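Chemist: Residue strings, one per chain:
2 protein chains.
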Amino acid sequence: MSGFAAAQADGATRIAACLDDLIGAQPESVIRDGMAYATRGGKRLRGVLVLETAWLHGVAPERAVYAAAAIECLHAYSLVHDDLPAMDDDDLRRGQPTVHVKWDEASAILVGDALQTLAFEALSDPRMTDDPAVALALVRSLAQASGAAGMVLGQALDIAAETAAAPLSLDEITRLQAGKTGALIRWSAEAGALLARADPAPLRRYAEAIGLAFQIADDILDVTGDAEKAGKRLQKDAEAGKATFVSLLGLEAARARAAALVAEAEAALQPYGAEAETLCELARFVIARDT
Amino acid sequence: MSGFAAAQADGATRIAACLDDLIGAQPESVIRDGMAYATRGGKRLRGVLVLETAWLHGVAPERAVYAAAAIECLHAYSLVHDDLPAMDDDDLRRGQPTVHVKWDEASAILVGDALQTLAFEALSDPRMTDDPAVALALVRSLAQASGAAGMVLGQALDIAAETAAAPLSLDEITRLQAGKTGALIRWSAEAGALLARADPAPLRRYAEAIGLAFQIADDILDVTGDAEKAGKRLQKDAEAGKATFVSLLGLEAARARAAALVAEAEAALQPYGAEAETLCELARFVIARDT
Chain A
1 MSGFAAAQAD GATRIAACLD DLIGAQPESV IRDGMAYATR GGKRLRGVLV LETAWLHGVA
61 PERAVYAAAA IECLHAYSLV HDDLPAMDDD DLRRGQPTVH VKWDEASAIL VGDALQTLAF
121 EALSDPRMTD DPAVALALVR SLAQASGAAG MVLGQALDIA AETAAAPLSL DEITRLQAGK
181 TGALIRWSAE AGALLARADP APLRRYAEAI GLAFQIADDI LDVTGDAEKA GKRLQKDAEA
241 GKATFVSLLG LEAARARAAA LVAEAEAALQ PYGAEAETLC ELARFVIARD T
Chain B
1 MSGFAAAQAD GATRIAACLD DLIGAQPESV IRDGMAYATR GGKRLRGVLV LETAWLHGVA
61 PERAVYAAAA IECLHAYSLV HDDLPAMDDD DLRRGQPTVH VKWDEASAIL VGDALQTLAF
121 EALSDPRMTD DPAVALALVR SLAQASGAAG MVLGQALDIA AETAAAPLSL DEITRLQAGK
181 TGALIRWSAE AGALLARADP APLRRYAEAI GLAFQIADDI LDVTGDAEKA GKRLQKDAEA
241 GKATFVSLLG LEAARARAAA LVAEAEAALQ PYGAEAETLC ELARFVIARD T
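Protein sequences, first through last, are from chains A and B. FYI, the numbering used here numbers position 8 of the first sequence as 8, with every residue one higher than the one before it. FYI, the numbering used here numbers position 230 of the second sequence as 230, with every residue one higher than the one before it.
I should point out that these hints are in silico values taken from the structure, not numbers from a laboratory. Owing to the predicted nature of the structure, the values given are computational and were not obtained by experimental measurement. Ideal placement from N, C-alpha and C gives every residue a C-beta, glycine not left out. One thing to keep in mind: the hints can contain errors.
Below, computed lysine-lysine pairings styled on DSS-like, alpha-carbon distance capped at 27 Å [stated by the list, open to error]: (1) K236/A with K102/A; (2) K242/B with K102/A; (3) K43/A with K229/A; (4) K242/B with K229/B; (5) K43/A with K102/A; (6) K242/A with K229/B.
So these bits of chain B aren't anywhere near chain A, every CB distance computed over 10 Å [as the list claims (entries may be wrong)]: (7) T13; (8) M35; (9) W55; (10) Y77; (11) R94; (12) K102; (13) P132; (14) R140; (15) S146; (16) L153; (17) A156.
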């Protein structure tokens, strides 16, 4: 197993245990069941990024796992709401019925709401850090990354694009992606530095490159992927007539751009030397994955 | 103007200015417009509770207003989502079209999501306090009050009640209310003490009594109120055949119970002496209001 595959497997186990603990502490209800369901599985890319960048800065995974669980809750909430009939109207996620299909729309709205709340509860867990200033900085940066200036803005731009008179330009799609996918990936990469009170700037270039590469890879998968492997509906963008990196650049140029971004991400990690090898592998995985 | 009316007017002005500032700092988008729209107006009862309990503990309103704005964002998010077709399906709120009517469902889901995020951004604003431990305690208690163990749990119980085989008992409705309305009111009352690093316990009894009185008054208004004055649809519970404090206790006994709770709330404030007079008036307002 490569360094990244091992880190991903170990991280996924830690994150699942932490989520069990946090969700298990809520009173029994359909909401609690839905939260456990919606946070199960997935690649844990964001959570593993937190754990890896934390390790790079000497922060123990037993501490950092609360930040990793927080970003996975935030990501899961965005998927639950994004899958709703009024949004992307998806029935399948990670090969399973989406929350509003398994339960109902009202429960899915509330499950998403409660998962967002749980992200902030995880970041304020006293087991994450002894330094309240560190925890507060993570709360603040997560709020800024996920709200009306970050992820939610990206989602709104994405919805607006569906009814726009003309397809988006490359600049517009890049801005959309920077919010929708990029902001949480960047938070995840910077979290490790913030936990150690280190400067998060060196990881920012890495995060911005892999965030964009991730979205280009998603657009490529939407065209070339296997829906069964992906566990979700594909070819959605073409059906909706939406501009994507693939429709704008063409498949080959999109692949080349993604590869160039991965090289850029690896270059950004040079100051960290061999210790950053797992993060380099993670960058390569972002464009090599088939789900 | 009574002490409470003046405090409410002053608080509403401060809170509106703070919300303008926080929302105005987001990039221009339909989400930002919807957030401004959804947080306009209202009684600001929760925000004023924060400002009043802060004042009681010597915390300046210029500081406490960030916590007041946070709870108003949280409350507004819950209303925007609660009004959705899949939830209560309401077209009117504070006399205006609800967010999903004025825009669309997808925007309303995202506006609610972004308002919840903004609540945590407000609590992590460096202008609220110089002590990160204080801000973090407010983040943690708001997450616990509003998530799957608090407000969202109450909303889920409320939805489940609509399809339950038998109407809820008084105990069950009291538990539902403690989550749905009570948890945020309690947070608001305790916030002032937390901001001053004082013990919030003395305010808890006050908050629990007015929280329950508030919901009983809501049930009474739903039966006896004027929809035009209330700015929202009334008689919803009777139409839905839902058990309420009024259907279970009868109108007169419900009124008596609310009045007894207000007396209990006033008694809980005795240790604070004359300084708590405005909070006593607020308790009386909770059951005297006509909207």
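Chemist: Take the hints in turn and mark each one as holding or not.
Modeler: Hints, one by one, checked against the model:
1. K236/A with K102/A: This hinted pair holds, its Cα atoms lying about 22 Å apart.
2. K242/B with K102/A: holds, 25 Å
3. K43/A with K229/A: This hinted pair holds, its Cα atoms lying about 13 Å apart.
4. K242/B with K229/B: The hint holds at about 23 Å.
5. K43/A with K102/A: Judged against 27 Å, a Cα distance of about 21 Å means the pair holds.
6. K242/A with K229/B: Measuring from Cα to Cα gives roughly 46 Å; hence the hint is violated.
7. T13: holds, 24 Å
8. M35: M35/B is in fact no farther than 10 Å from some Cβ atom of chain A, at 6 Å.
9. W55: Non-interface label stands for W55/B: nearest chain A Cβ at 24 Å, farther than 10 Å.
10. Y77: Nearest chain A Cβ is 8 Å from Y77/B, so the label is violated.
11. R94: holds, 21 Å
12. K102: Non-interface label stands for K102/B: nearest chain A Cβ at 15 Å, farther than 10 Å.
13. P132: P132/B is in fact no farther than 10 Å from some Cβ atom of chain A, at 4 Å.
14. R140: The claim breaks: R140/B does not keep its Cβ more than 10 Å from every Cβ of chain A (closest is about 4 Å).
15. S146: violated, 5 Å
16. L153: With a cut-off of 10 Å, L153/B comes too close to chain A, as the shortest Cβ separation is near 6 Å.
17. A156: violated, 5 Å
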